[in-house]
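Line order of the protein sequences matches chains A and U.
Its first residue numbered -6, the first sequence is counted upward by one per residue in the working numbering.
Its first residue numbered 84, the second sequence is counted upward by one per residue in the working numbering.
Rather than coming from a laboratory, the hints here were simulated on the basis of the structure.
Heads up, some of the hints might be wrong.
As the list claims (entries may be wrong) - Covered stretches of chain U, going by a simulated chain A footprint (3 or more residues, C-beta under 8 Å):
no. : stretch
1   : 128 to 140
2   : 144 to 153
3   : 163 to 174
4   : 190 to 197
5   : 239 to 250
6   : 258 to 271
Beta carbons: idealized from backbone N, C-alpha and C, even for Gly.
Listed here are the chains, written in short residue letters.
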Amino acid sequence: MRKSLTLLAAAAVLSTTGLAQAADYQIDPTHTNVIWEQIHFGTSTNRGSWAKKSGTVQFDRAAKTGKVNLTLDMSSVTTGVTPFDNHLKGDDFFAADKHPTATFVGDKFVFNGDKVSEVQGALTLRGQTHPVTLKAVRFNCFDHPMLKREVCGGDFETTIKRSLWGVNWGLNMGVPDDTKIVIQVEAIKQ
Amino acid sequence: MRKLLTLLVPVGLWAALPLRAADFTLDPTHTFATFEIDHFGATTNRGRFDRKQGSVFFDRIAGVGRVDITIDVASVSTGTPAFDRQLLGADLLDAERYPTARFVSERFIFQGDRVTSVEGQLTLRGQTRPVSFRALKFNCYNSLVFKRTVCGGEFDTVIDRTDFGIDYLVRFGVARDVRLLVQIEAIQP
Chain A
-6 MRKSLTLLAA
4 AAVLSTTGLA
14 QAADYQIDPT
24 HTNVIWEQIH
34 FGTSTNRGSW
44 AKKSGTVQFD
54 RAAKTGKVNL
64 TLDMSSVTTG
74 VTPFDNHLKG
84 DDFFAADKHP
94 TATFVGDKFV
104 FNGDKVSEVQ
114 GALTLRGQTH
124 PVTLKAVRFN
134 CFDHPMLKRE
144 VCGGDFETTI
154 KRSLWGVNWG
164 LNMGVPDDTK
174 IVIQVEAIKQ
Chain U
84 MRKLLTLLVP
94 VGLWAALPLR
104 AADFTLDPTH
114 TFATFEIDHF
124 GATTNRGRFD
134 RKQGSVFFDR
144 IAGVGRVDIT
154 IDVASVSTGT
164 PAFDRQLLGA
174 DLLDAERYPT
184 ARFVSERFIF
194 QGDRVTSVEG
204 QLTLRGQTRP
214 VSFRALKFNC
224 YNSLVFKRTV
234 CGGEFDTVID
244 RTDFGIDYLV
254 RFGVARDVRL
264 LVQIEAIQP
């Protein structure tokens, strides 16, 4: 009896220590944020983020594979300046009426050891889809003490040329094309 | 004549308007403070303070400046209302008792005509400590919107939140270092 308990315990330990099988994770919207940054007249940095986002992650640390699907509600953009938010939602930028969401689908997870170092995928914005690679600034998995579940997440960033997606406003006046995207993402194991 | 005008336009755009010692007006649409704090060694939690007011005196030629900025603590915006409420509670920023945070400096450090750091006093949760903001970027430009010279930059510093009495969960390993990232622009009269 003792022996079978020991075996059971060993099996339980094995199953929780990362010979981890593929698992579904749910994006934690309270620790997931997408921020855009753009240089303002070579002087300071304008920033905005999207308050409403949702998504799913499949992640297999042992097989070093994963897939992420993250959707932003474009009309939830917030810069702290209401007229600026309204301008961004309009046809000059996101055309949120016609294209209410932006979606990133990442289906190639690149690993450095057991940590994700980049996610390659495609960003759909304003109805157009182009490849984008997110570089991990850091990545970690931890056992969440309150949720009693594993949470994996990281800080990621990339710089896109917004004109690729047809967001051209101000380019002819010197407003930059390069837009840095700064991403916090955490997902809870289901 | 047309050629002459074409030539004049770029010159007119970028020829420096006379810089002079002056009280600048803070541009609240391009002035924000954001905090960043670690979350379980995995990601960075961020929040932005939306309401602020202040004054800036700036003399680029003499290499002196003064700034006094007050932030409405209750205007914090993380994108998660529950997190906002937690931040404003007695455990953290205690916004009811300490509704404002303030940064005052009379010491701008220059390298040539660029500000490289701003040293002053930060008051947070009723406690005042010396803080030095490093300039990540600094520049002055002629604004077509305001028809004025605008100076500004991007500044950051890292504070230990326990220096300001914000100890919540530090003994359980939650980060004490908080990065403050500041965008600021101010308009010359």
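Status of the hints after comparison with the structure:
{"no.": "1", "hint": "128 to 140", "in the structure": "holds (count 4)"}
{"no.": "2", "hint": "144 to 153", "in the structure": "violated (count 0)"}
{"no.": "3", "hint": "163 to 174", "in the structure": "holds (count 3)"}
{"no.": "4", "hint": "190 to 197", "in the structure": "violated (count 0)"}
{"no.": "5", "hint": "239 to 250", "in the structure": "violated (count 0)"}
{"no.": "6", "hint": "258 to 271", "in the structure": "holds (count 3)"}
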